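Read off the chains here:
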Amino acid sequence: MTRKAWAGRRGRSQAATRAGMVVPAVMIYVGLLVVPVGYAVYYSLTDYNGFPSQTPEFTGLDNYREVFSSTDITAAMVVTGIVAAAGAALVNVAALGLALLLRQTNRFNTFGRIVMFYPHVLSALVVGFLWQALLGPQGVVNAMMEKAGASSLPFLSDETWALWTMIFVIAWALFGVQLVIYLAGLQTISPDLVEAARIDGAGRWQVFRAVTWPSLAPTVTVAIITSCLSLLKTYDVVVSLTGGGPAGSTKTLAYNILAVSFPERRVGLASAQAVVLVVAAAVLAFTVLALRRRAEEGAESVG
Amino acid sequence: MRTSPRLAGTARVAFVSLLSLFMLAPMYILVINAFKDQQAILTSPFTIDLGSATTKYLADAWSNPDFSVPYGYAVTLLLVAAVNALSIGVCTSAAYVLARTPTRVFRLVLMFFVAGMFVPTQVILIPVIFVLRGLGLMGTLPGLILFLTATTIPFTLFVFVGFIRMLPRALDEAAAIDGAGAQYTLWRIIFPLMRPIVATVFILNALSVWNDFASPQVILGPGSDVYTVTTGVYAAVGAYSADYTKVFPTLLLAVIPILVLFVVLQRHVMSGLAAGSVKG
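As given, the protein sequences belong to chains V and H, one line each in that order. Going left to right, the first sequence walks through residues 1410 to 1712 as this note's numbering numbers them. Going left to right, the second sequence walks through residues 352 to 631 as this note's numbering numbers them.
Okay, chain V solo, but in the shape it has when bound:
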């Protein structure tokens, strides 16, 4: 056998080994994540009740028309948008502010970090039930207020109140995660830069504007993307805190898909909503990433 042929055969068998090592991951990922997204796109163009005996009937864009014209679903989209935008703003401002306060590592701050983070290990469903017991019409807080002579507050029984209560509860449970991300980001800022700014006579706010904030930019992007993406799929808290009510005022799109359209056996409609949400998530992620890249390039050309 010539040397070249041998090398060729060895190369081929190596390539086969390599492909073989990637296959299991590809199979699970494609089978249970990519194929379902494909199915969602396909079902979204059909009328299907989900029974194995029925075949999906092709109906074109009917489901999408319904998604964008049904007042129930558009309302759910608006709620999802408010939850994602207001929730992300609240979570990130709170987390960044606290990260600056808890920056130094000492006992007190470590305790503070643990206390801010712990709701995350409780799971959103449990957090929702807990706050429901606290803020419900007969809940702990209202019982106390009535006892103190004040009138009770409609935390979960008024439509506007319920939405903002839900956003507050989500932020309560979520901002600890972003806090950890911001603390990690703050660790990467070189103390030399801060010191140099101080020597040049910069005050606290100036140091933050000129050193901390620009160095933190990548962290801010990551924190905003991750918080927006996880808020876009808000479902568990809706189930346990409000059940979508009152009068559908806290129904998110994910809740509408899993708790309304699916039990109604409207697989096509549920899939169309899922596709809308997947597209929204992708657009959001790519927009934030692109903005960030542009900001980075801008910073480079200035520097």
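Hints were generated in silico from the structure; no laboratory data involved. The structure presented is a predicted model; accordingly, all values stated were derived computationally and were not measured. Ideal Cβ placement from N, Cα and C applies to all residues, glycine included. Worth double-checking, as some hints may not be accurate.
Said to hold, decoys possible - Taking lysine-lysine and the DSSO-like style, the derived pairs with C-alpha atoms no more than 30 Å apart in a straight line are:
| no. | chain 1 | residue 1 | chain 2 | residue 2 |
| --- | --- | --- | --- | --- |
| 1 | V | Lys1556 | H | Lys597 |
| 2 | H | Lys407 | V | Lys1556 |
| 3 | H | Lys597 | H | Lys407 |
What the hints assert, rightly or not - Label pairs and their computed distance ranges (CB to CB):
| no. | chain 1 | residue 1 | chain 2 | residue 2 | range |
| --- | --- | --- | --- | --- | --- |
| 4 | H | Ser368 | V | Arg1674 | 49 to 55 Å |
| 5 | H | Arg516 | V | Ala1494 | 32 to 38 Å |
| 6 | H | Ser368 | V | Arg1607 | 24 to 30 Å |
| 7 | V | Phe1517 | H | Met517 | 32 to 38 Å |
| 8 | H | Phe397 | V | Asp1456 | 17 to 23 Å |
| 9 | H | Pro519 | V | Pro1672 | 51 to 57 Å |
As the list claims (entries may be wrong) - Footprint (simulated), chain H over chain V, 3 or more residues, beta carbon under 8 Å:
| no. | segment |
| --- | --- |
| 10 | 1448-1457 |
| 11 | 1493-1500 |
| 12 | 1573-1579 |
| 13 | 1641-1647 |
Once you have looked at the hints, place chain H on chain V.
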């Protein structure tokens, strides 16, 4: 005028302390009210009265036929272990190949995987039902394990590839000269060096599997007898959320073990989260 550093320090400590109290208040109320009857919860939810404290409702919650806490924990821990083992197993070998073969095809494969990080997984659960039905795994633990593994693969693979790229290739070459095959090199030489990143991934995946409610709810379904901590809590509390003698004791039993685990491991959990903060 500038505030004195001392005053600012005191204000900072005071603010953080107040906020900490606010964060802990729900937990305090959960714990003390698990020992009270409905009347006591409604009239004096903030006070501790050892005289009238009772463990009756905790005992009721413990023996609830809809939700056995030890069973829920066993199933959830099994899920965490199985999903992590499978995900880390398949991603380690895939990441090794993708990191060490910088050809165009493999770069595209990596991007194809990374795109999965942005898919809101609970939203595609309905089509997942049909895939699992086709595989005969709908309503079963293996089906749930496979799906949850798929949701963890994009992130796991992404950070593994990044990590392996930083390991010097000289390691592989030295092993190859000594006659080691790809599998041997990977599992005996590369994998042991990946310990920090494996620990990070383990913690993050464990948290997301642990906290998941939608996937077990849809895939295991109401008809099956298998439940996790979250679906069990839902079955036990969902319909009785105004009966606080059910809500507080059930929630308390459900959260205590994980809270204890978190406090013991908090340093690792939080540093793992910080290291993997790109997760969506």
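Does 32 to 38 Å hold as the CB distance between phenylalanine 1517 of chain V and methionine 517 of chain H, or does it fail? This hint holds: roughly 35 Å between Cβ atoms.
Proline 519 of chain H and proline 1672 of chain V, beta-carbon distance inside 51 to 57 Å? holds (55 Å)
Tell me whether the statement that chain H covers the segment 1573-1579 of chain V is true, taking a Cβ distance below 8 Å and needing three residues at minimum. The restraint on the segment 1573-1579 of chain V is violated, since only 0 of its residues have a Cβ under 8 Å from chain H and three are required.
Run the distance test for lysine 1556 of chain V versus lysine 597 of chain H: straight-line Cα separation, threshold 30 Å. Measuring from Cα to Cα gives roughly 23 Å; hence the hint holds.
For the pair supplied as a hint, lysine 597 of chain H and lysine 407 of chain H, confirm whether the alpha-carbon distance does not exceed 30 Å. holds (11 Å)
According to a criterion of three or more residues whose C-beta lies within less than 8 Å of a C-beta of chain H, is the segment 1493-1500 of chain V covered? With 0 residues in contact (Cβ-Cβ under 8 Å with chain H), the coverage given for the segment 1493-1500 of chain V is violated.
Coverage of the segment 1448-1457 of chain V by chain H, judged on three or more residues with CB within 8 Å: With 3 residues close enough to chain H, the hint holds.
Do the alpha carbons of lysine 407 of chain H and lysine 1556 of chain V lie within 30 Å of each other, as the hint requires? Distance ~27 Å between lysine 407 of chain H and lysine 1556 of chain V Cα, so the pair holds.
Beta-carbon spacing of serine 368 of chain H to arginine 1674 of chain V - inside the hinted bounds 49 to 55 Å or not: At roughly 52 Å between Cβ atoms, arginine 1674 of chain V and serine 368 of chain H fall inside 49 to 55 Å, so the hint holds.
If you check the beta carbons of serine 368 of chain H and arginine 1607 of chain V, does the distance land in 24 to 30 Å? holds (28 Å)
Can you let me know if the beta-carbon spacing of phenylalanine 397 of chain H and aspartate 1456 of chain V is within 17 to 23 Å? violated (54 Å)
Could you tell me whether the CB distance from arginine 516 of chain H to alanine 1494 of chain V stays inside 32 to 38 Å? Hint holds: Cβ distance 36 Å, inside 32 to 38 Å.
Comparing the model with each numbered hint stated earlier shows that hints 8, 11 and 12 do not hold.
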